[in-house]
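Each chain, letter by letter, is given below.
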Amino acid sequence: MSPTLNKILYVEDDPDIQVVAKIALEVVGGFILRSCSSGREALEPASIDFAPDLMLLDVMMPEMDGPTTLACLRKMTQMLHTPAIFITAKVQPSEVEYLKSLGAIGVLAKPFDPMQLASQVRELWEKSIAP
Amino acid sequence: MTSQVKKSMQNVDEQIRTLKIFFAEKIPKKMAEIEAYIQQSELEPLNLVHWDRLLLAMHTLAGSSGSFGFEEMGTRARSIEKKIHSLIDTGIVNQGQECSLLQTEVRQFVQWGRAHGNQFAD
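In the order they appear, the protein sequences are chains A and B.
The first sequence begins at 1 in my numbering and counts up one residue at a time.
The second sequence begins at 1 in my numbering and counts up one residue at a time.
Honestly, I wouldn't trust all of these hints.
[Claimed, not checked] Stretch-level coverage of chain A by chain B, calculated; a stretch enters the list once three of its residues show a Cβ under 8 Å from a Cβ in chain B: (1) 13-20; (2) 23-30; (3) 101-113.
[Claimed, not checked] Straight-line Cα separation of at most 27 Å, DSSO-like style, residue types lysine-lysine; simulated pairs: (4) A:Lys22 x B:Lys26; (5) B:Lys7 x A:Lys7; (6) B:Lys83 x B:Lys26; (7) A:Lys90 x B:Lys26; (8) B:Lys83 x A:Lys90; (9) A:Lys22 x B:Lys20; (10) B:Lys82 x A:Lys100; (11) A:Lys90 x B:Lys82; (12) A:Lys22 x B:Lys29; (13) B:Lys7 x A:Lys22; (14) B:Lys20 x A:Lys90.
[Said to hold, decoys possible] Computed beta-carbon distance windows for the label pairs: (15) B:Asp89 x A:Met115: 29 to 37 Å; (16) B:Asn47 x A:Tyr98: 25 to 33 Å; (17) A:Lys75 x B:Thr90: 28 to 36 Å; (18) B:Glu105 x A:Ser101: 29 to 37 Å; (19) B:Leu101 x A:Pro45: 43 to 51 Å; (20) B:Gln39 x A:Arg74: 35 to 43 Å; (21) A:Asp113 x B:Asp89: 26 to 34 Å; (22) B:Thr90 x A:Thr68: 18 to 26 Å; (23) A:Pro62 x B:Thr75: 17 to 25 Å; (24) A:Pro93 x B:Gln40: 30 to 38 Å; (25) A:Pro131 x B:Ala32: 50 to 58 Å; (26) B:Glu42 x A:Pro15: 26 to 34 Å; (27) B:Arg114 x A:Pro15: 17 to 25 Å; (28) B:Glu33 x A:Asp113: 24 to 32 Å.
Think of the hints as simulated: they come from the structure by calculation, not from any bench.
The beta carbon of each residue, even a glycine, is placed where N, CA and C say it ideally should be.
Go ahead and model the full structure; you've got the sequences and the hints to work with.
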């Protein structure tokens, strides 16, 4: 796990959400973002070479959903320990527990407030690295 | 707050406001897509592909609307998404009355969306 949070790999199929998340994370949060429109794109060498400090994954996507994408990414040595956060509309306790059981450090609710997203991500990150 | 931070935040607000306007402009197209899917589901009610497409369209709209300030649209879309999910999950997608009621609800949502989608939410 990287000691500082700079680079985020974001996987989201909806282009509208991608754009608003880009502003929320890059402009408001000051992070470096690489957005992918599908799980398949997230598995491409360019995404892996990006060497993110954190992965932010939408749960429900066509073809390859967030949990499947995370499982595939985890098979890659470079991504084995990269913290992951899921973003989903289903934030009932059982769903959150299930997603955490897949190795996510946290789950964020959708829709999100663009002004709050970066601080929510940072909060989960800091909680995960706290001793 | 320094003037530089203030300026930066104003810039963010402007960008988000612009995105909201772009999103609002796309709502008629989104409603037309949903309408097309519901028409297909009416023509072929047993074909799950149409229901899956409708489900994804409602899911996407539910996920994005709220982030662009269209909370009510997001809430309504989420409610319909759950009902479609339930129909598919319980395998009663081929039971006429349930489907028919849902199709009517989606059509009403499309009408509502067309009427309210152009009201830019500040």
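Hint by hint, here is what the structure shows:
| no. | hint | verdict |
| --- | --- | --- |
| 1 | 13-20 | holds (count 6) |
| 2 | 23-30 | holds (count 3) |
| 3 | 101-113 | holds (count 4) |
| 4 | A:Lys22 x B:Lys26 | 19 Å, holds |
| 5 | B:Lys7 x A:Lys7 | 25 Å, holds |
| 6 | B:Lys83 x B:Lys26 | 24 Å, holds |
| 7 | A:Lys90 x B:Lys26 | 25 Å, holds |
| 8 | B:Lys83 x A:Lys90 | 14 Å, holds |
| 9 | A:Lys22 x B:Lys20 | 14 Å, holds |
| 10 | B:Lys82 x A:Lys100 | 23 Å, holds |
| 11 | A:Lys90 x B:Lys82 | 10 Å, holds |
| 12 | A:Lys22 x B:Lys29 | 23 Å, holds |
| 13 | B:Lys7 x A:Lys22 | 19 Å, holds |
| 14 | B:Lys20 x A:Lys90 | 24 Å, holds |
| 15 | B:Asp89 x A:Met115: 29 to 37 Å | 35 Å, holds |
| 16 | B:Asn47 x A:Tyr98: 25 to 33 Å | 30 Å, holds |
| 17 | A:Lys75 x B:Thr90: 28 to 36 Å | 34 Å, holds |
| 18 | B:Glu105 x A:Ser101: 29 to 37 Å | 35 Å, holds |
| 19 | B:Leu101 x A:Pro45: 43 to 51 Å | 49 Å, holds |
| 20 | B:Gln39 x A:Arg74: 35 to 43 Å | 41 Å, holds |
| 21 | A:Asp113 x B:Asp89: 26 to 34 Å | 30 Å, holds |
| 22 | B:Thr90 x A:Thr68: 18 to 26 Å | 24 Å, holds |
| 23 | A:Pro62 x B:Thr75: 17 to 25 Å | 23 Å, holds |
| 24 | A:Pro93 x B:Gln40: 30 to 38 Å | 36 Å, holds |
| 25 | A:Pro131 x B:Ala32: 50 to 58 Å | 54 Å, holds |
| 26 | B:Glu42 x A:Pro15: 26 to 34 Å | 28 Å, holds |
| 27 | B:Arg114 x A:Pro15: 17 to 25 Å | 22 Å, holds |
| 28 | B:Glu33 x A:Asp113: 24 to 32 Å | 26 Å, holds |
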